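A.B. asks: Top line first, the protein sequences correspond to chains Z and D. For what it's worth, the working numbering labels the leading residue of the first sequence as 201, then goes sequentially. For what it's worth, the working numbering labels the leading residue of the second sequence as -2, then goes sequentially.
Honestly, I wouldn't trust all of these hints.
As the list claims (entries may be wrong) - Derived DSS-like pairs: lysine-lysine, alpha-carbon spacing no greater than 27 Å straight-line:
1. Z:K320 with Z:K366
2. D:K213 with Z:K328
3. Z:K310 with Z:K320
4. Z:K215 with D:K213
5. Z:K310 with Z:K332
6. D:K213 with Z:K310
7. Z:K215 with Z:K311
8. Z:K328 with Z:K269
9. Z:K448 with Z:K438
10. Z:K269 with Z:K311
11. Z:K311 with Z:K332
12. D:K11 with Z:K273
13. Z:K438 with Z:K481
14. Z:K269 with Z:K381
15. D:K11 with Z:K311
16. D:K73 with Z:K328
What the hints assert, rightly or not - Sample of chain D residues at the chain Z side, in silico, Cβ under 7 Å:
17. E5
18. W8
19. W15
20. E16
21. E69
22. R109
23. S113
24. L115
25. F116
26. S119
27. L120
28. P121
29. S123
30. R211
Bear in mind the hints are in silico, worked out from the structure with no lab data behind them. Just so it is clear, the structure is predicted and the values come from calculations on it, not from any experiment. Cβ coordinates follow ideal geometry from the N, Cα and C atoms, glycine included.
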Amino acid sequence: MNAVVSAHGLSKRYKNTAALDNVSFEIQPGRIVGLIGPNGAGKTTALKAILGLTDFQGELGVLGLDPRKQRGKLMEQVCFIADVAVLPRWIRVREAVDFVAHVHPRFDRKKCEDLLARTKLTPDMRVKQMSKGMIVQLHLALVMAIDARLLVLDEPTLGLDILYRKQFYQNLLEDYFDENKTIIVTTHQVEEVEHILTDLMFIRDGRIVLDADMDAVGERFAEVMVGAERAAEARALKPLHERQVFGKSIFLFDGVARAQLEALGEVRRPSVSDLFVATMKGTYA
Amino acid sequence: MKTPVLNEMYWLVKREFWEHRGGFLWTPVIVGGVFVLLNLMGIVTGEIIGAQHGIHFMFNNNSLLNHPLSAEDMSKAGQMMDLVMYSTSFIISIVLGFVAFFYCLGALYDDRRDRSLLFWKSLPLSDTATVLSKVVAGTVLAPFIAAVCGVVTGIVMLLLFALTLSFHGLNVWHLLAYAHPFQVIANLIGTIPLYALWALPTTGWLLLCSAWARSKPFLWAAVLPFAVGMMLGWFNLLGTRVVGNGWYWKDVVGRILPGVFPGSWLGAGNYQNVSTGAEHSLDVLNLGNAYSVMATPGFWIGAMAGLALLAGAIWLRRWRDDT
């Protein structure tokens, strides 16, 4: 199958910092990719490039289209939620549904109304009267009713309480995602997305530092809890990261043979957030 | 069956109307309403003061209205009433000028500031259609509503006058038939294409500033041309004549800022031949006369410049990246 997104040598500079530095990657259909990185690492720039919102150097194809030149056509098949609260404050639920229904060729009005019926939103409600969580419900209902091939989510749950956050991803998985769709999501709330991701991409200082599917991540990285007496032995294997818990050390290894690690202590699969912290060590230093 | 392009434009303009219902609809309605109310208050005041002083205007049988009206009387009465409708429209059109000015200034700026731009950009809408829909909303839809409101206000005023006079025994209701409300509406609405074309340099400039400014689009739109004018004046004072001061103020600043005020084409110079030749003062408002401004090259040069400014606004709308 053709890649949904394929980037080769993508670069973008803002004045004197490189937001994207010669980045190449491919995203296959039917994947949920987490694009994770510290603030200012270039996540949003990468998404903007994919959405044709910004100019860049290099080659980038999204669904076989050039986002710089064929943006109008591209946006029929691509949806995005930039973050909460970008819906215009004056618009009413009814107006938003009406408008999208008439300008978007792939919008399913019935589906949108069904999704809205599950919320407390009423047709006459204006965005400015809604809480952040309700705005996201409206936005999600609009977006999920669009039969798009690529959905881009940039910090979609920022500032929402945990009920809305859980519901957001649950809706997305149950009523939207299927093998023909692809989702790219950036978020700082890594714990909440890690169990839904199929692929992981870490970005740091404009470079992709990790690009792997979750199975590969599980094979490559391992976390071992080691007693103080064998800590020196573990350190000799060059762990990525070390932290102390209850007098024991937890080491994170990249690409060390499983048998070797099992000899040291209990081996676990690291959480994405621990992996993230280990990989991004020293970013703000 | 509408073509996709027209359908897109229809919904984009409708969106502008939803967002700016206050400016486009309620402002002219309220201004008209306040105008009628003030007149009503005036009339009531007059009646009460008159009653307190024992003055009663009752018109006698030998008043002018009892003999059959000559054709000239009818035409005069009609023109008087048309004038009332034009005057109310004129007042509303001044307000419309302000509405259109600030609408254009905010049209490509407000949604960048509150980031709702990202929502609009997530839909398959072209930036060209988006910008043009704002031109249509500001210089076609808004004046259309204003014209209708103006004439309706005028009609209400006429009814109010007729009612007042009838309290004094003067029956003028039949005279209302000599007014030409439809002709007035047709004249006003017929002027809208002229208005939209004449306003192009202003709409273009304001939309360009609106798409350009990172903050305070008003400063860019208003202060920049004035600053340039000052510099020119200074250079000319020093004797290095770059371009004429008068030309700059009249044909540049005079076209890129007040163009959204309806009738700003009535300024000196554009109608020299008309004002002398017109039989009646209202004739200047007739379409044929109004459109004669199109014969001046400045009109078309301005429209072309306006289109160039709009192209700039569209380009900025596409590529400005500051959210």
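A.B. asks: Give a verdict on every hint.
C.D. replies: Do the hints match the structure? See the list:
Using a Cα cut-off of 27 Å, the hinted pair Z:K320 and Z:K366 holds, with the two alpha carbons roughly 17 Å apart. Taken as a hint, the D:K213 and Z:K328 pair is honoured in the structure, with Cα atoms around 23 Å apart against an allowance of 27 Å. As the CA atoms of Z:K310 and Z:K320 are separated by approximately 17 Å, the hinted pair is consistent with the 27 Å bound. Under the criterion of a C-alpha separation no larger than 27 Å, the hint pairing Z:K215 with D:K213 is consistent with the structure, at around 23 Å.
A C-alpha spacing of about 24 Å is found between Z:K310 and Z:K332, which places the hinted pair at or below 27 Å, so the restraint holds. For the hint pairing D:K213 with Z:K310, the CA-to-CA distance comes to about 42 Å; that exceeds 27 Å, so the pair is violated. For the given pair, Z:K215 sits about 45 Å from Z:K311 by alpha-carbon distance, which is inconsistent with the 27 Å threshold. Of the supplied pair hints, the one linking Z:K328 and Z:K269 is violated, its CA atoms being roughly 34 Å apart against a limit of 27 Å.
Proposed proximity of Z:K448 and Z:K438 is supported: the alpha carbons are some 17 Å apart, at most 27 Å. The hinted pair formed by Z:K269 and Z:K311 fails the criterion: a straight-line CA distance of about 31 Å is larger than 27 Å. In summary, the hint linking Z:K311 to Z:K332 is supported, as the alpha carbons are separated by about 22 Å, within the 27 Å threshold. Restraint check: the Cα-Cα separation between D:K11 and Z:K273 comes to about 23 Å, which is no more than 27 Å; the hinted pair holds.
Restraint check: the Cα-Cα separation between Z:K438 and Z:K481 comes to about 15 Å, which is no more than 27 Å; the hinted pair holds. Pair hint Z:K269 plus Z:K381 holds up; C-alpha atoms about 23 Å apart against a cutoff of 27 Å. For the given pair, D:K11 sits about 24 Å from Z:K311 by alpha-carbon distance, which is consistent with the 27 Å threshold. Restraint check for D:K73 and Z:K328: the C-alpha separation of about 53 Å exceeds 27 Å, so the hint is violated.
About 6 Å separates the beta-carbon of D:E5 from the nearest beta-carbon of chain Z, less than 7 Å, and the hint is met. Interface hint at D:W8: satisfied, since its Cβ lies 5 Å from the closest Cβ of chain Z, which is below the 7 Å cut-off. A distance limit of 7 Å between C-beta atoms decides the matter here; for D:W15 the minimum to chain Z is near 5 Å, and the interface restraint holds. Satisfaction of the interface hint for D:E16 is found here, the shortest Cβ-Cβ separation to chain Z being roughly 5 Å, below the 7 Å cut-off.
Violation of the interface hint for D:E69 is found here, the shortest Cβ-Cβ separation to chain Z being roughly 53 Å, above the 7 Å cut-off. Residue-level restraint check for D:R109 is violated (minimum Cβ-Cβ distance to chain Z is 11 Å; threshold 7 Å). Because the beta carbon of D:S113 sits about 4 Å from the nearest beta carbon in chain Z, less than 7 Å, this interface hint is met. Given the 7 Å rule on beta carbons, the hint for D:L115 holds: about 4 Å separates it from the nearest Cβ of chain Z.
Hint on D:F116 holds. Least Cβ distance to chain Z is approximately 5 Å, under the 7 Å limit. Hint status for D:S119 relative to chain Z: holds, with the closest Cβ pair at about 5 Å, below 7 Å. With a cut of 7 Å, the hint placing D:L120 at the interface with chain Z holds, because the nearest CB-to-CB distance is about 6 Å. Hint on D:P121 holds. Least Cβ distance to chain Z is approximately 4 Å, under the 7 Å limit.
With its C-beta approaching chain Z no nearer than about 5 Å, D:S123 sits inside the 7 Å limit, and its interface hint holds. Restraint check, D:R211 versus chain Z: the minimum CB separation of about 14 Å is more than 7 Å; hint violated.
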